[in-house]
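J.: Here's the letter readout for the chains.
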Amino acid sequence: MSELRIRGLRKSFDGHPVLHGIDLSVERGTLLALLGPSGSGKTTLLRLLCGFERADAGSVEIDGRRVAGDGLHVPSEQRRIGYVPQEGALFPHLSVADNIVFGLPRTQRRARHRVAELLELVGLPAHFGERAPQQLSGGQQQRVALARALAPAPTLVMLDEPFSSLDAALRVETRQAVASALAAAGATAVLVTHDQSEALSLGHEVAVLWNGRLIQTATPEALYRRPVTRELASFVGEAVLLPGVARQDRASCELGELALAAPLVPSGHGTIDVMLRPEQIRLLRAGEAARDGTAHDALVTEVIFQGQDASVALQLQSATRTMVRARVPGYLCPQPGERVRLTVEGEVTAYPRD
Amino acid sequence: MRSRAPRGLFAAAALSALLVLLPIAFTFWRAASFGIGEALDLIWRPLVGELLINTLLIAVATTLVCAMLGTAAAWFVERTHLPGRRAWAVLCAAPLAMPAFISSYAWVSLSENLQDFNGALLVLTCAYFPLVYLPVAAALRGMDPALEESARALGCNRWTSFVRVVLPQLRPALLGGMLLVALGVLSEFGAFTLLRFRTFTTQIYAEFRTGFDGGGASLLACLLIVICLAVLAFEFRVRGAARYERVDRGARRAVLRYELGAWRWIVVAGFALLALATLGVPLGMIGFWLTQPGAAAVTPADVSPELLWNATLSSLGFGLAAAALTTLLVVPLAFLLVRYPTRCATLFERSVFLAQGVPGLVIALAIVSLAVHMLQPLYQSATLLVVAYAILFMPVALVSVRAAFMQAQPRLEETARALGLNWPQTLVRVILPLAGPGLGASAAMVFISVVTELNATLLLSPLDTQTLATQIWADTSTMAFAAAAPYAALLTGISLLASGLLFALLGRSALPGERA
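Protein chains in written order, with numbering that gives the first Met the number 0: chain R, 0 to 353; chain E, 0 to 515.
No lab work stands behind these hints: they were computed from the structure. Here the structure is a predicted model, which is why all the values come from computation and not from measurement. A few of these clues could be false.
To be verified - Residues of chain R placed beyond 12 Å of chain E at every Cβ, according to the derived structure:
1. Ser11
2. Asp22
3. Arg53
As the list claims (entries may be wrong) - Label-pair distances were calculated between CB atoms; the ranges are:
4. Gly435/E to Gly329/R: 41 to 47 Å
5. Leu272/E to Ala167/R: 53 to 59 Å
6. Asp69/R to Gly499/E: 50 to 56 Å
7. Pro36/R to Ala323/E: 54 to 60 Å
8. Ala167/R to Thr345/E: 37 to 43 Å
Said to hold, decoys possible - Facing chain E, according to a computed beta carbon distance under 8 Å, are these residues of chain R, among others:
9. Cys49
10. Phe51
11. Glu76
12. Ile80
13. Tyr82
14. His92
15. Phe101
16. Ala182
17. Phe234
18. Pro265
19. Gly269
Note that beta-carbon positions come from the ideal geometry of N, C-alpha and C, so glycine has one too.
So here's chain R without its partners, still in its complex pose:
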């Protein structure tokens, strides 16, 4: 059953349309990552769901109850949502514990209802309750903000780029703490982010918002393997794009005959761009034979070594001298100027050319 159901949602600011008819639903107990580049309208969508802005058209249902649509606009405080803003926005005049119980009825506030339990849920020690928000690090503030949002047991939790202000090391740690706290609470959540690795690692499903339209809603794996446009392919990860021709479930290009993840729509054949991920290109060791028999000679022109892996620019030795990028494990990193043989593994995606 869907916890959140959005139909035909539209919004414009000063005549500029920001959202053009959004349809989306989120299943109970799952986390939907709403991914999009900056300016795509994802924060506006979140603010419409929270009730901070009024939709121009369309409807929103939370837990089977309509909260927006046909002139109806239920104010934020009656939507039973939890909201985790970008930088936590803890109330600076209240202690951590008072922040957490802020949304509870007065008697439960007095009793500091569930403070220790919620602090534990977000991975903080119970004595943090007495601290002032100013005494916490950025990541700890985000965790408290999540605890505060979860305290009134909302039906839906909204997170607005909660990790974007944290530095890299803290981000990964806080991300895991938040994900496990949400899972432990069994909460249904919508996470807005522009960071593709965050969306892919946290979301049960990822919805991509592009110029005010939802262009793809899929599992993280499907989104990464079969993005619907070339631009999206480059946005959710590094992409190698090569011109080619499609015939049913095969595509031929500079890297030979490759298996398509899905046949080309609508006709099944035509000129295409083939998209594959750099890690699908594997360098063969000396004397090793390619699994399906096709190996290509290439010259290493540039190497960016990153420790656990390396990004290698390769010039194919076939007639057109096409450049491709491969991602290889760090311990197998070749030297610039080295001649190597490469092969492609896994399925590729095709985009029709016009």
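Based on the hints, put chain E in the right spot on chain R.
T.: What follows is chain E alone, placed relative to chain R:
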């Protein structure tokens, strides 16, 4: 590692602090010269009881009304789609340039029925509510909108989120503004005299006039200082050590604004009424009396153009001289505070700020006594008056000069030295360009305060010299309303013009931002 301050700088800063402490210490010394029995006799009078009740009642009432009015005005301007809010923002700050004794002149000349508690409350509220409006509006602008949104998402409606989140955030700004209002009312003298409302200040002046250098005035002055210090202590206690800094860092979003719907015209009418009371009536009445012949007022009197010219010149002259001297005096102290913030420097700073808590009339009175007893040749000289102004307005100047030096960080100075500039070149090419606007703002603020100052001018101005303020006071206290009008018009004009200049100098920071 912190280096020691140069000796000359330290001495110059100490001089400013001593200058301020001198008259306050002298007041207490004079009062202490009474025997205890004598002092008690002077204090335990029904008159003192009446003054105490009057003074406290008007101070508390004005502070509370200003707090409500200022907060409401700031909220409507900063947080709603109020039609014409930019204009209202300016109109809510502008009354600061209108001295209370001029608006009381306008109101009293409109109706003599206003010469009571209600009239005093009306006039003082109109004069002082910007002191609450400005800091509260700034605090509302600086507040992270995500705080209110979080409160809404956690189940608070508009009103409860205002009470539980917005209001606690406003506390420091609101309390600071209320403190300024209370101290302003406690030191107000001109308006109370014209409104025939007896408080400590009017009585101190009366005793000074009858007994001249009598001890009665300094005893009452001591009582008033004690009340002011009690207000300061109370504010310090209520504000407490609570934390209000923003927790987060990083970019801010535009603030939330509420729709007023059908209410907006009622709110606009309220703002119009406020502008009418604070600016419309004073300016209108001055305009009215300007067109009346001198004989039309209760007391007929005519204006001599020569006197008008001389009064204007001396007002401007005193203003400029005091602005220059005051800024010069606080520069060493401000520099010391920014670069060598030792405990001693903080002590100097506190002593200077003490002048803000002590009524101007009391300081002026002490300077008169000092001059009469020890510096006879200086008494009623222009020099002493300018020094008195400097003592009174050093706190005002110190705030903005210190902020100006904060802009010129040592890093920048070091960079300039590393690029081959010597110390004077660094001063001219780096420090002054950075601190210049702040120094200018400080001078402008002192200038405005001096031109509209009444107490010290009245007590200390040379016998043959009249300023605009003393001339208005002389004419209005004899009910010669038409005669006072040209002086009032000129004084208000200069004050508004200088305030406008100050606004331009400080930029638009005092108004609602462009984004919105």
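J.: So, for every hint listed, does it hold in this structure?
T.: Taking the hints in turn, this is what the structure says about them:
no.	hint	in the structure
1	Ser11	holds (17 Å)
2	Asp22	holds (24 Å)
3	Arg53	violated (10 Å)
4	Gly435/E to Gly329/R: 41 to 47 Å	violated (57 Å)
5	Leu272/E to Ala167/R: 53 to 59 Å	holds (57 Å)
6	Asp69/R to Gly499/E: 50 to 56 Å	holds (51 Å)
7	Pro36/R to Ala323/E: 54 to 60 Å	holds (57 Å)
8	Ala167/R to Thr345/E: 37 to 43 Å	holds (41 Å)
9	Cys49	holds (6 Å)
10	Phe51	holds (6 Å)
11	Glu76	holds (5 Å)
12	Ile80	holds (6 Å)
13	Tyr82	holds (4 Å)
14	His92	holds (4 Å)
15	Phe101	holds (5 Å)
16	Ala182	violated (21 Å)
17	Phe234	violated (23 Å)
18	Pro265	violated (44 Å)
19	Gly269	violated (46 Å)
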